[in-house]
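Q: Residues per chain, in single letters:
2 protein chains.
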Amino acid sequence: MKAEIITIGDELLIGQVIDTNSAWMAEQLNQIGINVHQITSISDQSQHILKTLKEAGNRARIVLITGGLGPTRDDITKDALCQYFATRLVLNQEALADVMRFFEKRNIAITELNRKQAELPEDCKSIPNPIGTARGMWFEKDNTVYISMPGVPFEMKQMMLTSILPLLKEKFSLATVIHKTILTTGLGESFLAARIEEWEDNLPAGVKLAYLPQPGIVRLRLTGKSCHADKLKNDITDHTNKLKALIPDLIFGEDQDTMEKVVGEKLKAKEESLSTAESCTGGYIAHLITSIPGSSTWYNGSIVSYSNNAKSTLLDVPHELLDKHGAVSKEVVEVMAKNVREKLKTTWSIAVSGIAGPDGGTIEKPVGTVWVAIAGPNLVYSEQFLFGDNRERNIRRSAIAALNLLRIRL
Amino acid sequence: MKAEIITIGDELLIGQVIDTNSAWMAEQLNQIGINVHQITSISDQSQHILKTLKEAGNRARIVLITGGLGPTRDDITKDALCQYFATRLVLNQEALADVMRFFEKRNIAITELNRKQAELPEDCKSIPNPIGTARGMWFEKDNTVYISMPGVPFEMKQMMLTSILPLLKEKFSLATVIHKTILTTGLGESFLAARIEEWEDNLPAGVKLAYLPQPGIVRLRLTGKSCHADKLKNDITDHTNKLKALIPDLIFGEDQDTMEKVVGEKLKAKEESLSTAESCTGGYIAHLITSIPGSSTWYNGSIVSYSNNAKSTLLDVPHELLDKHGAVSKEVVEVMAKNVREKLKTTWSIAVSGIAGPDGGTIEKPVGTVWVAIAGPNLVYSEQFLFGDNRERNIRRSAIAALNLLRIRL
Chain A
95 MKAEIITIGD
105 ELLIGQVIDT
115 NSAWMAEQLN
125 QIGINVHQIT
135 SISDQSQHIL
145 KTLKEAGNRA
155 RIVLITGGLG
165 PTRDDITKDA
175 LCQYFATRLV
185 LNQEALADVM
195 RFFEKRNIAI
205 TELNRKQAEL
215 PEDCKSIPNP
225 IGTARGMWFE
235 KDNTVYISMP
245 GVPFEMKQMM
255 LTSILPLLKE
265 KFSLATVIHK
275 TILTTGLGES
285 FLAARIEEWE
295 DNLPAGVKLA
305 YLPQPGIVRL
315 RLTGKSCHAD
325 KLKNDITDHT
335 NKLKALIPDL
345 IFGEDQDTME
355 KVVGEKLKAK
365 EESLSTAESC
375 TGGYIAHLIT
385 SIPGSSTWYN
395 GSIVSYSNNA
405 KSTLLDVPHE
415 LLDKHGAVSK
425 EVVEVMAKNV
435 REKLKTTWSI
445 AVSGIAGPDG
455 GTIEKPVGTV
465 WVAIAGPNLV
475 YSEQFLFGDN
485 RERNIRRSAI
495 AALNLLRIRL
Chain B
95 MKAEIITIGD
105 ELLIGQVIDT
115 NSAWMAEQLN
125 QIGINVHQIT
135 SISDQSQHIL
145 KTLKEAGNRA
155 RIVLITGGLG
165 PTRDDITKDA
175 LCQYFATRLV
185 LNQEALADVM
195 RFFEKRNIAI
205 TELNRKQAEL
215 PEDCKSIPNP
225 IGTARGMWFE
235 KDNTVYISMP
245 GVPFEMKQMM
255 LTSILPLLKE
265 KFSLATVIHK
275 TILTTGLGES
285 FLAARIEEWE
295 DNLPAGVKLA
305 YLPQPGIVRL
315 RLTGKSCHAD
325 KLKNDITDHT
335 NKLKALIPDL
345 IFGEDQDTME
355 KVVGEKLKAK
365 EESLSTAESC
375 TGGYIAHLIT
385 SIPGSSTWYN
395 GSIVSYSNNA
405 KSTLLDVPHE
415 LLDKHGAVSK
425 EVVEVMAKNV
435 REKLKTTWSI
445 AVSGIAGPDG
455 GTIEKPVGTV
465 WVAIAGPNLV
475 YSEQFLFGDN
485 RERNIRRSAI
495 AALNLLRIRL
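Protein chains in written order, with the numbering used here: chain A, 95 to 504; chain B, 95 to 504.
Heads up, some of the hints might be wrong.
The list cannot tell twin chains apart, which means a pair is met if one copy fits it or any two copies do.
[Stated by the list, open to error] Mimicking DSS-like on lysine-lysine, the simulated pairs with C-alpha atoms at most 30 Å apart in a straight line are:
(1) K96 to K148
(2) K325 to K235
(3) K265 to K362
(4) K251 to K210
(5) K251 to K360
(6) K418 to K439
(7) K336 to K360
(8) K199 to K418
(9) K418 to K364
(10) K364 to K439
(11) K336 to K210
(12) K360 to K432
(13) K235 to K251
(14) K274 to K210
(15) K327 to K360
(16) K424 to K437
(17) K210 to K302
(18) K424 to K439
(19) K96 to K274
(20) K199 to K424
(21) K459 to K251
(22) K437 to K418
(23) K145 to K235
(24) K338 to K210
(25) K235 to K148
Simulated from the structure, these hints should not be mistaken for lab results.
Only chain A is shown next, with the shape it has when bound in the complex (with noise of 0.2 Å):
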């Protein structure tokens, strides 16, 4: 089953506004079946509407669209409709009682502008709007769904949770759509590729194989498409089973997950803590932990100590030992993870010290030089990585790097 969307807005040809609508859409279409063929953002203009209306419609057997439905001038999008399915606005009673209650329940005198709101196409059905005034609005003509939706977010979440996913699945009798998202680290894309070039030849008809690339991250999303559900939730266990046994040591998780989820669960399951020390990544990692909610429970803190005086100071790094290897050095990084896990009292820490760049770089350690330690019971372990000479990719990718140093010997 084929669907497009539409989004209507000036906002969005000038760059105001990202589109995030058509992703969430494409996304909940996609879970029960639906493929999106097109996405298609245009302005508020009616020529342009009405032409980009009928291109959709040859196209696919739903067409969603979100824009214009506003109290203002500029949302034309309820009149373009009126003139592409030839009908007219009427005043519609359960819509101006919706609006009366809205504005009533925030003690807002209602104006002739909110009560336009309430003026739909004679020929449609109309859709509930249960937290805006704008409701959405259901067209069918030569076998083509059209559903045009609020651009708000939020109201338009709303509709498609609460109406339209479910009248979309009650109309048309769709095939089952599975997805199983795979993140590795430690191999870019084309390695990657290369090493389990042949499983993705094998992989059976209907399943496709696609690489996302993040910096230090490459995720291997595998999509399937059947009317046989059972066969295809086999297939999708099954090769991803053959790719986990694969690339085991390339692999951190699953669909939702990132690098700091997967490492904060592991401690949490495990009862144990973390703290960390960093300076190139300058709090990023602090910052990754501490998005997560809930993260104080395993996560204590860190110092980042951005010179050498903080290094000493805070985590008493030897003057000798900065001056004799330099702040980024295996010896020096080591001391670093080592003071900071006893400071905290935690079980595991990390530390990080590099050259995100742009300056600072020499011929011995060119910018993108980083030194992560890894300090736990009994054990103290660094490694050196060599990565690029963009700063804020080098901060991302010292991270990732770090993280996963620590969740592998989780």
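Given the structure of chain A, go ahead and fit chain B onto it with the hints provided.
A: Quick look at chain B alone, frame taken from chain A:
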């Protein structure tokens, strides 16, 4: 001048990735006087790509394309482009040298897949990619320019800024567009709008105002477009100055400034230094600061005390103070600021303690309650804030508010 954007990738159509590229590109194009007419997201399918290229090329004189240039099998944009422009892939020696340099620098042997990235359509101008292996491609056909770029946001942005935008400016004679952005903090969008209403009403024709809200910040962007560059420049300067006189208490920067950058520049100019002690912001302030290249000249580090134990061990906050007033209190946050300043021997310090949520709130101290303290020469100042109930936004708003408190004092 009319442009269209085509973003290619199955991941966009299943909702796994939000298309942030389009909004960024649209904003950049707008700034040089190019209007985006339509944004179309399509799958990695040859026929779909060819059809969409044709339709976009019929409507616009500039077509920007991202995605599908990776080394793996699902990346088919290059082949589709060859078909569309009736050309073939040939090994590009310049591109090959780039790819080899890229992997040599990382001490990685090059694979056949990597080599393939250096194959480019014969009939295109190739665009360097300073940070990745996939070059951009510039085609011209029937009076329309087509530019294909990698979908990785970071690579695309670099390519746009260093090559594509300058080339477009050179090729087309574009009306002068001037943007001026004023950064404000401390007042929400609607209240700010009320305060500057009269000024906004008196903006000259051709000059538009946009409100761009972010957590804790509202950016006001003036955009003027005209064939009379000098007059436009004067108009924008004039009205910017009027705005500055109207809300001097709310303005903290201009254009590409960030709060952390503004604070850093003030400290650098005065040859003063900063340290931080973070609880609820969990290292985020340190991360913001250390994302700035060269921040080590004025920033010494942070103590991320994410537990009461860390507050007492690392920051010498007395247990009685924590017991009596709680970690989120004027008393505790002031001691945190004083002590981190002394330990790290900096001119200034910032300390933050609050309840980021979603849990941990009480009736007296609901989620969103945040205490911030500044310590400096003969000064300790603190202030309480009450933000909302979203963890991510609370962390962000706390960091902005804390840096702003220091900025005011510098």
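Q: All hints, please: hold or fail.
A: Here's how the hints hold up against the structure:
For the homomeric pair K96 and K148, the shortest alpha-carbon distances inside one copy (15 Å) and between copies (22 Å) are both at most 30 Å. For the identical chains of this complex, K325 and K235 are neighbours neither inside a copy (36 Å) nor across copies (48 Å), given an alpha-carbon limit of 30 Å. In this assembly of identical chains, K265 and K362 lie within 30 Å of each other by CA distance neither inside one copy nor across copies; the values are 41 Å within and 59 Å between. In this homomeric assembly, K251 and K210 come within 30 Å of each other (Cα to Cα) only inside a single copy, at 23 Å, whereas the closest approach across copies is 42 Å.
Taking the closest pair of Cα atoms, K251 and K360 come within 30 Å of each other only inside a single copy of the chain (29 Å); across copies the shortest separation is 37 Å, beyond that limit. For the identical chains of this complex, K418 and K439 are neighbours both inside a copy (28 Å) and across copies (24 Å), given an alpha-carbon limit of 30 Å. With identical chains, the CA atoms of K336 and K360 are at most 30 Å apart within one copy only, with a shortest distance of 24 Å there and 57 Å across copies. Proximity of K199 to K418 under the C-alpha cut-off of 30 Å is restricted to the inter-copy arrangement: shortest distance 27 Å between copies versus 57 Å within a copy.
Within a single copy, K418 and K364 get their C-alpha atoms no closer than 38 Å, and across copies no closer than 32 Å, so neither meets the 30 Å cut-off. In the homo-oligomer, the alpha carbons of K364 and K439 lie at most 30 Å apart inside one protomer (16 Å), although the nearest pairing across protomers, at 39 Å, exceeds that limit. Taking the shortest alpha-carbon separations for K336 and K210, only the inter-copy value of 28 Å comes in at or below 30 Å, while the best intra-copy value is 56 Å. In this homomeric assembly, K360 and K432 come within 30 Å of each other (Cα to Cα) only inside a single copy, at 21 Å, whereas the closest approach across copies is 36 Å.
For the homomeric pair K235 and K251, the shortest alpha-carbon distance inside one copy (24 Å) is at most 30 Å, but the shortest distance between copies (42 Å) is not. With identical chains, the CA atoms of K274 and K210 are at most 30 Å apart between copies only, with a shortest distance of 28 Å across copies and 43 Å within one. Taking CA atoms no more than 30 Å apart as the test, K327 paired with K360 passes inside one copy only; the shortest distance there is 27 Å, against 58 Å between copies. Taking the shortest Cα distances, K424 and K437 sit within 30 Å of each other both inside one copy (20 Å) and across copies (26 Å).
In the homo-oligomer, the alpha carbons of K210 and K302 lie at most 30 Å apart only across protomers (22 Å), although the nearest pairing inside one protomer, at 47 Å, exceeds that limit. With identical chains, the CA atoms of K424 and K439 are at most 30 Å apart both within one copy (22 Å) and between copies (27 Å). Taking the shortest Cα distances, K96 and K274 sit within 30 Å of each other inside one copy (21 Å), while across copies they are farther apart (40 Å). Only between protomers do K199 and K424 lie at most 30 Å apart by alpha-carbon distance; the minimum there is 22 Å, versus 51 Å within a single protomer.
Only between protomers do K459 and K251 lie at most 30 Å apart by alpha-carbon distance; the minimum there is 28 Å, versus 43 Å within a single protomer. Taking the shortest alpha-carbon separations for K437 and K418, both the intra-copy value of 24 Å and the inter-copy value of 24 Å come in at or below 30 Å. For the identical chains of this complex, K145 and K235 are neighbours both inside a copy (15 Å) and across copies (24 Å), given an alpha-carbon limit of 30 Å. Taking CA atoms no more than 30 Å apart as the test, K338 paired with K210 passes between copies only; the shortest distance there is 28 Å, against 54 Å inside one copy.
Taking the closest pair of Cα atoms, K235 and K148 come within 30 Å of each other both inside a single copy (11 Å) and across two copies (27 Å).
Consistency with the previously given hints fails for numbers 2, 3 and 9, ordered from lowest to highest.
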